[in-house]
Each structure stands twice: as C-alpha cells, then as structure tokens.
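Colleague: Here's the letter readout for the chains.
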Amino acid sequence: MSYRMPIGPIHPMLKEPINFIFYLDGEIIVDAEPNIGYAHRGIEKLAENKTWFQNLYLLEKICGICSSAHQGCYAQGAEYIFDVEPPERALHIRVMMWELERIHSHLLWLGVVAHLLGFDTLFMYTWRDRERVLDIVEEISGRRVGYSINTVGGTRRDVDDNLLNKAKKVAEFILEQTKYYEKVFTEDKSLLIRTQNIGMLSKTDAIRLGTVGPTVRASDVKRDIRYNFPYAIYEETPFEVVTFDSCDVFSRVVVRIREMYVSAEIVKWIAENIPSGKVDLGISPFKKPPVNEAISIVEAPRGELYYYLKSNGDLKPERIKVRTPTLANIISVIHMIKGHYIADIPPIVGGIDPCMACMDRVLLVDINKEKKVVMDKEELIRYSIKWYKKNKDIVISERW
Amino acid sequence: MGALEELKNKLSEKFGDKIKLSEDKRGVLWIECDVSDFKEILAFLCELGYSHLSTITALDHLEENKFALIYHILSFENHPKIPICLRTYINRDSPEIETVLDIYPHALVYEREVFDLMGIKFKGHKGLKRLLIPEDAPEDYHPLRKDYKIEVGD
Amino acid sequence: MLEKLKDKLKRWALRKSIWAYHLNTGSCNGCDIEILDAFTPRYDVERFGIKLVGSPRHADVVVVTGPITAKSYERVRRVLEQVPDPKFLVVVGSCGATGGLFQGSYNIKGPIDKYLPVSAYVFGCPAKPEAIIDAIYKLIKKLEEG
Amino acid sequence: MTWGAVLKDAFKNLFKKPATVNYPVVLTKAPEGYRGKIDFDVNKCLGCGNCARVCPTYAITMVPSEVTKLKKQPQIEIAKCVFCGSCVDICPTKALWFTTDYHISGFTKDELMV
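So the protein sequences, as listed, match chains A, B, C and D.
Just so you know, we're using the working numbering here: the first sequence kicks off at 1 and counts up by one.
Just so you know, we're using the working numbering here: the second sequence kicks off at 401 and counts up by one.
Just so you know, we're using the working numbering here: the third sequence kicks off at 555 and counts up by one.
Just so you know, we're using the working numbering here: the fourth sequence kicks off at 701 and counts up by one.
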C-alpha cells in the first residue's frame, strides 16, 4: 500500500517555497518528485530589459544568502564582455566579500540543520555568532545582506585600514568558534544519530548525478571551482580543497565546518597583504559593450554557479543564463532520499543546503482510513523525534 | 597553452571538418557543429573526461529563424582549466532535438527548464513537463522567446 | 458599555502577545533571514511577546515577503484564508510593497495589497531587523489607540 | 558531549554579557557608511535626469520644478527603491546622499520623498 505525500510550499522549513511529492510504502520513501518554480521571478527575461549596470543589482537579488556570489560572478562575466581588467585591489576586496559571505552562509546553514534536528539552542548559538560577521560586512559595504559592492570593472567602495583590522579580528573569532562547533557537531550524540549514514550519496553517484559544491565534496570528490578553474586571485590565496569521505549528511556538516577554516584563513591573508591602488575603473553606466559572449564560473557557498552572458553591442544584454547550484543538487536529493523514513526528510533535504527547498506543510493522506493529517514544520520535527523514540528507542531530547 | 592545443588537435583529427573550433581570451573552447553529430561529439568528450554537464543554454535567433543550443561541459579530473561550450543550431519552426540523458543523466532538470521557458522538445526525455511555470499555463506560453514581449518601466 | 469593555479587553490581550507567521511568496530570502534574525538572541523580539508560529491558524500578524509569483499565488490565497480574523499584514521589503526590482516580470502576480489591505510596510531591500521590530512596535501602539 | 563540558560551558555563559541589544530603548546606531534613507538637496540639483535613467527599479521620476536649472528635479518613491546607491554614484553634483536612518517603515505606501 503506497501513499502519495505532497509536502506543500508555503511556510517552508527553510523559509522558501518548494514542493516535494513523496511516494511512500508505509514509512519508507520509495520515490520523490521535486516541483520547483515557486520562487521563479523571471529574472532572465527581466535581465534582457535592463542595462548592463542595472543588472548588477537585479542579479544580486536572485538569492539573499549568496547575493555577493551572484553579483561577483555577473560582474566578472561583464568584465569579460567589456574586455577590461579590474585593478588588483578590487579583486582582493571582491574575494574577501565572497569568503565572508561563505562563512555567514555556512553558519546560517549549521543553525538551520540544528533546528531541523530539534536542537534549537544550537540554532541560536550559530546565529548569534553570525551577527559578528554581518557587522563587519555592514561596515564594509553598507548593508547586512545584499552588499552590492561589485561593479563592472572593480568594486564601488574602498577598504581602509581599521576595516581590515576588524575583518582580521572577525576571522580570528570565527577560527576559534568553528573549533567549538566542530567539537559540538562531531561529538554530540543526538546530532550524530540523526546525521550519520543518512542520505548516502556514493562517489560514482555524485559524479553521475552532477552534484556540485560541498555536497559533492562530502562524497570524497575533489571538485572545487576555486581549485579546478581558479578565478580572481584564488591562485595566490592559501587554499586547499576540503573533502570528507563518509558520504552522508554528517560528512556534509564536516565539509562545511572545515570550509569555514579555509575561508577565515583567506580573509586573514587578504587583510594582511592587500595591494594599494585604484579600486574602480570608472566605466560609465551608459557605455555600450562590444558584440561578445562569455561564461563565468564562481564557487558560491552552495556550489558551482554558472553564468552565460551574450551581448549584441546594445546597452541591454541579449541573453543572460544563470544556473544556480541548488538546481544541480535537486536531482541528487531524489536519489539520496530513497529508502529512508519520513523522519529523515528534514535532515536530508536540509543537507544539501537548498537555497529553494521546503518541507513545512506535510499532508499525510491515509488512503484506506481516509484520514487526513496536516502537519507543519514544528509538528514534523516533533513527530520525527517521537518516532525515533518509539521505534528505535533513541532519546533525542527529553521534551517528550 | 599545452593542454588546449593538445585537446584541439585530438578533436580536429577525430572529427575533422564537422566541427569549427574557436577559443576566447579566457581559455574557453567553443565548438560549433551540426545537429546530426552533436551527440557523437558529446559522447566522445564525455569519455575524454568531461563528465560534468553544467547547463544547457537556449538562444532565440528570431531573425535567422533558428534556436541555438549551447551545452556547457566541464572536466575536473584530467583536462583542468578548459571549459567547453558546444553549440548547435535547430530550426525554429520545429524545435526538436535529441535528449542527452543517456550521456549525462543529470541533464533531466536542465532539459525540462529549456522546454519550459523556450519550448524546445527533447526527443526521448520521458518526464518532459513544465519546471518553473505553473502547469495550467497555456501550451504555447514560452516566455523566454524573443517574440514574447514584457514592458518594464523605463 | 459591555461592548466597549469586551473590545478593550480583546485589544489588551492581543497587544500583549502578538503571534507572527512568516509567509514567503517567492522572495529572494534576503528579508526572510532578516526576519529570522529578529528572533535570534541579538534582537530577540520575544521580549514583546512576539513569537514565530508554525501554522497560519494561530497567527495574528502575517509577515509577508516577496512579490507573489504565479505558482505560489494559489497557495498564498489558501494560507491567508486560514488566518483567523483580527489579522494584520506586515509587508517586509520593497518587492513585497510594489514588486521592487521584479516589476513587469511575466511571472509576478503583483504586490499583495492588490488582494488584501496591508496594515504596515517595511521598506528596504532587505529591511534591517530593527526596522521590522520598529514596524511591529508601531503596529502595537496603533492597536492600543484602536 | 560529556556531561562536564555542558556544565563548564553553561557556567561560563553566566558571566558573559547578554547578547541581546534591547532595541527600542537603546537605539542602535548604524555604521556611518550605511545605505539608509536617501536625502536630496534641491538647490544642488541640475535636473539632468541621470539618476532617473540609471535607477534599476525606475523609482526616480523627473518632476517639473522651478528651482533647478533645467526645470526638472527627481522624485524618489521609497516603496520602489532598493537602496543600491547607483543614483548617488552617478549624480554629477552630489545632490543625493545616504543617511544612516534605517527606520524606513510606515503605514501607507505613498510616503514619496522628493
């Protein structure tokens, strides 16, 4: 007897509307079908109706958490199109903003995964430490989210010395905080139960299903755009690819925590030896680019971000194609979730750090008893904790 | 650049005049070929190590009455630092092309997106449904086409 | 007289504990993480009794973000019908108020005030958590006067 | 984590300053480079309309006025503005600038700001 369980898009587990339809055999998930498009705002069509410089601020709004990745990738692609070389100092500032954003995006994700497993205090801890990163970013760029610091041909703001010292202090703070989180996430019994050998994605499947970013590095595949296709100044920064081989949600947690070390090191390195000089080439926003086409690949916090830009010499681009990392990881979620219980849906789908996934309104349609059970996010988490306690007599938190 | 020259020679002696190779300043290899043998080239490149299909871009050339389809493939293992973009053209009136699911299984979502926004059908793709636009949208509603106009301020 | 007393009591009870429900109609999640920030230790709106609830059935204030995209329009309508009656809509972000950067797109069903009266706007893209708390605080004050 | 570690950590937190900033009583100050509400000085303005052309959300419309040289001045609609600052950068006479006021909230949508 198999059920068909749609998980609705509104009030999502991760604050974003997406809809999964799970085909269940009793409690085991047999198949799943993603139904995305709830956050599709037609940005590629809008980008064809705005000028090259207006698109800087449109494409930054594709995703709030990785806005600097989108804008940096677009600015880099537009620089290929305009055939200009941004000054060294601008590249250093751009990479620093990328890495600061990767740190606060990973901290945000660690909090959300802890919340999904019912561990709310850890959610509060990680988000309280994230505020330190948001403060320094707000001082550098003028706003906590959506920094719009890049422009075609460099960056719009310069960084003076005390901002660099503050960035270095934040990087040191993050280094010793991640030691604390690495201890918590790798030794805490209740987190280990819910993350180890759940959502398995073997190395060959990861390559076959084209997963990107920390999810593929968690299956022991050495793929990182900053290492394979270095861009901006990633050849000079101290950087090594972080991989882990236990191929499950636990290894995705470890990969992301260890990546925070690498990012904090890069921010410290940049704060120490950033070259002086101009920051912006000063291209006027009304300048027309030559007829050209270019691709630009950047390592966003969630994976490889791919831009294709084409210009026909007009003030407005002819085509801008954006492929976000979560679109690539959606296929592997379907593969990972087969054979698990309903209780494992939150950690697995949360595991790929979906920028568009949601799990909140679970509608369990019991076909023979015609009983509809509507559960929302809190109840789903409580249900999974109770279920673990009843079936596997594993006590996760004493609240029940 | 050693790797790029070697790759170009390997391609040209295997496919000769069927492909047009060009290279831009950033070290990206652009290949242009006919619709009939684009799958053969893709399969050859896949064995060569280009195991990751990043995305499929569809361009609408309204005046020449044809669609351009660009397959962006990357190789992480043995040909570092050379992204490849394979471009083919199909007729605009009957937008049909072979699916590449047998070479790249993860093209599932990319082909659905191109079908949804541009209206190009992929022969052999079982679950070809709309991805981003609501299902009840009219059949010929493909907003990314050049003839679908939207007015945005300005 | 009894009517006035009942009304005052109801308003006093509502003012003391506003339960907020976060509704994302396809936004870029910039405002959503700022709303979530308002509930984390640094800004902590639980001091005013504002609690984030999981389901629209026990919500007083619906915090809406995002221009309504075509696909999420039907679900947004169904959710807003379930919010009990003395409900207040707080729109966060300029794309919720007027479609912001996404005006004119083919997939946007327009700002939410085309369908429902909105009681408070928080502009900014994204709005700062303090601005969100300030808007809800102003809403509470306005509630007191009635 | 072993039982001891939790106690040690909880004990340490007893003496830490609370992380909460009680906002409405203590008004937190945004850093000086913050991109808050846009301010505008009409007699510096030339009326050239560059800001209206460069704004990504078309929030600035040129309104006839008698103060500026070209008889036009921008009218910024806050509800549409995304505070990106391209108008502040493009203005030749620096007639537009950012204030650090982030209380941009209201009960009605049409609090236009000249």
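Be aware that a few hints might be false.
These stretches of chain A come out as covered by chain C in the derived footprint (C-beta under 8 Å, 3 or more residues) [said to hold, decoys possible]:
#1 45 to 52
#2 56 to 64
#3 71 to 80
The hints are simulated quantities; they were obtained by calculation from the structure and are not laboratory data.
Idealized CB from N, CA, C, for every residue including glycine.
Colleague: Taking 8 Å as the Cβ threshold, is the statement that the stretch 71 to 80 of chain A is covered by chain C upheld or broken by the three-residue rule?
Modeller: violated (count 0)
Colleague: Can you take a look at whether the stretch 56 to 64 of chain A is actually covered by chain C? Rule is 3+ residues, C-beta closer than 8 Å.
Modeller: Our answer is that it holds, as 6 residues pass the Cβ test (under 8 Å) against chain C, meeting three.
Colleague: Using a Cβ cutoff of 8 Å, are there at least 3 residues of the stretch 45 to 52 of chain A near chain C, or does the coverage claim fail?
Modeller: n = 3 at 8 Å, threshold three: holds.
Violated hints amount to a single one, hint 3; each of the other numbered hints is respected by the structure.
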